[in-house]
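**Student:** The chain contents come next:
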Amino acid sequence: MALIRLEGASFSYDAVPALKDVSLDVEKGDFLCMVGPNGSGKSTLLKLMDGMLVPDEGSILLGGRPASQYRRRDLARKLAIVPQSYALDFDFTAREVVEMGRYCHRGEAGARSVAGILDRLGVVELADRPFNELSGGERQMFVLAQALAQEPEALLLDEPASHLDVSHQLSIFDLLVRLNAEGMTVVCVLHDLNLALLYFKEAAMLYEGKLFAAGAIEEVLSPDSLASVYGVEAQVHKHAGRAYLTFSPRRRPARKLKVHLICGGGTGAALMRRLVDLGYFVSVGVVNAMDTDEVTARELGLPLVAEAPFTTITEDAYRENIELAGSADVAVLTAVPIGSGNLKNVNAVRELADGGMPVLAIAGIEGRDFTEEASGLLAGVPKLGLVSSDDEAVGALEEIWESSSC
Amino acid sequence: MFQEIRANRDKYTAWVFAVTVALLLLSTFAALAVGPARVTPGKVLDYIFTGRSTGDPVSVVFWTIRLPRIILALMVGAALALAGACLQGLLLNPLADPYVTGVSSGAALGATVAIFIKLPDIPWLTVFAMAGGLLTLFAVYGIATRHGKMNIYRLLLAGVTLSYLFFAIQAILLIKSGNDVHRVIYWLLGSFSGRGWNEVKIALVILPLLAVPFFFSDELDILLQGEERALELGVEVEHVKRVLFVVAALLTAVSVSVSGIIGFVGLVVPHLARLVLGPGHRRMLMLSILFGSIVMVLSDLVARTAFAPSEIPVGVVTVFFGAPFFLFLLRRRPG
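Residue numbers (our numbering), protein chains in the order written: chain E, 1 to 406; chain C, 1 to 335.
One or more hints might be untrue.
Derived lysine-lysine pairs resembling DSS-like cross-links, with alpha carbons at most 27 Å apart [as the list claims (entries may be wrong)]:
#1 E:Lys20 / E:Lys210
#2 E:Lys47 / C:Lys149
#3 E:Lys47 / E:Lys258
#4 E:Lys28 / E:Lys47
#5 E:Lys201 / E:Lys383
#6 C:Lys149 / E:Lys20
Examples of chain E residues toward chain C, derived with CB under 8 Å [unchecked claim]:
#7 Phe90
#8 Arg95
#9 Leu164
#10 Tyr230
Read the hints as simulated data drawn from the structure, not as lab findings.
Ideal placement from N, C-alpha and C gives every residue a C-beta, glycine not left out.
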């Protein structure tokens, strides 16, 4: 039997719907995070689970019994809430605050003391200090201790670490992982998607009061669902066995200018991202597979021509690159070092320029030419625009775009 | 000094209570001894233990006037302080006192009506005041409760609004009544003057009511974190609010009906108690009761003797000493 079961639960605040027809099972031992934009109903969902709110339609069952039929004391022994922040204007010691969590076990024989919990959280020395004189991170540890003093079957956390510095954030989530390993069910509302990816394997995503997706976190947080739910462009990166997300700023109106980047070895990655963020259509070639520029172009979903890793550019790749670049308005050669393997990229620049395409290049090729050929090739390019940096390249492209759009 | 005690309250609790109880006995003793008919300290105990002897006029004064008056002051002081302590906790509002419930204004209106229609003071003034207070209690409770939930803000606003309304009605009655204005005002300012065993008998209701909040001291502590957190921690918040509001309002109604509106005790004493032993209600409620009794007995002593042979209303005395003290506390407290 599910520990917490939502069956078609709907809830409205004064006719403003907050949750619509949400069905979700939380099993004993689950370690689940709940994500979704502001106002998507995450906190409402926690309050429904905890019986603080009663659904207009559908039902919330805790161990098979409607949450609203529980006495508060019994509910407090089943579920404990850890709020985002917690204000107490009175002069209680931290220990007294934790002891309030024992209320739902009042009068029971053999009640455990809070000492074990304080010890577990490593906050014994702070326990006799006034709660209000502790730092935000220390206070949140005691709020967590108060919830643990309830000895609940499940912890429901609402943004437990959003006010905290990274060290306290990690210690709270590390603790949750350990508690879960001992059988504690954890449901945590989180805004920080990277924190979610770091600690959780299962996620549920809410959007406009509906359950948008639930399951393995990397599927729930796919770029597609992030685009439809948050309306942002996200890229998933995998590094050293971990997944993390980066986000592109909101796009400006499309520049409608097509830029072909000739790069490699990571010299084009930053410019690529900037141009994409500025709204240019960007294509890339020829780069070697697994090269930073190639990986970045793939993450950004750009059209590209790639060659096998550490391989000289073949004639096929060269021709493909010229074809892809042919539809661009401007070509840019980054500060990529030129060796025999990628000399063909300089040839490509020459061919495009000869065809009448404006070409920008980062100046100083002499210093990164290992072929004694490339510099000469480039020097013969007619109307080559030399720029000293990515910034200047962006400035030149903006000028080209403005003059072409007028 | 208070800060030192509060920081180590577990250690000092027994001492604080010992000193407070001693102070209570001392003030009661002093109040019994001092007055127009002077009673030597030795005689006080003598009178108490031998009982009333009709042959001795001082003994008669002691038994029929002074003793009931002082018992009444002890009970009313305790009742108002405890009511204030409960309401400050329930309403999460440091400005709350027994009179925010509107019950006192209802009682005052009741008393004014009794004076207006020229009923004899005994027992009608008390009866009408009690009726006014209780009717107001029902009204405020009804207005603040919807779908079985009592809304604290609605409760406060209803209480304050009804107070204004009653005051307006009272003003009209006062203007119409002419010569009785003096009596009404005197009653409103609160006094133990002329109260006897009849009032003590009525006030005995206070004693069982004083015990009730102690069954809820854990809940009151937890409620200081807000109603929502209290629910999350397992407190049946509505039940606690309902019981304590009714108890506080009853304590207020009884107090006002026997002694008029004595201000400031219900506001200041809980703050003083919190200042000494911290916000934990188990200690704070007990200390409030003791402090309330001490303050009231001493204030009444001043009211009786400062301008003897004439008396000033005890409500004036409590405000006179309470207001500067409270302002002093405000200045000293950080935040």
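**Student:** Hint by hint, say whether it matches the structure.
**Tutor:** Hint check results:
1. This hinted pair checks out: Lys20 of chain E and Lys210 of chain E have alpha carbons roughly 5 Å apart, not beyond 27 Å.
2. Taking the CA atoms of Lys47 of chain E and Lys149 of chain C, the gap is about 17 Å. The hint holds against a cut of 27 Å.
3. Between Lys47 of chain E and Lys258 of chain E the CA atoms are separated by roughly 50 Å; this puts the pair beyond 27 Å, and the hint is violated.
4. With a C-alpha separation of about 19 Å, the suggested pairing of Lys28 of chain E with Lys47 of chain E holds against the 27 Å cut-off.
5. Simply put, Lys201 of chain E and Lys383 of chain E have alpha-carbon atoms about 55 Å apart, too far for the 27 Å limit, and the pair is violated.
6. Restraint check for Lys149 of chain C and Lys20 of chain E: satisfied, since their Cα atoms lie roughly 26 Å apart, inside the 27 Å limit.
7. Taken as an interface hint, Phe90 of chain E checks out: its beta carbon lies about 4 Å from the nearest beta carbon of chain C, inside 8 Å.
8. Annotation: interface hint on Arg95 of chain E violated; nearest CB of chain C at approximately 10 Å, more than 8 Å.
9. Given the 8 Å rule on beta carbons, the hint for Leu164 of chain E is violated: about 19 Å separates it from the nearest Cβ of chain C.
10. The beta carbon of Tyr230 of chain E is not positioned within 8 Å of any beta carbon in chain C (closest approach about 28 Å), and the interface hint is therefore violated.
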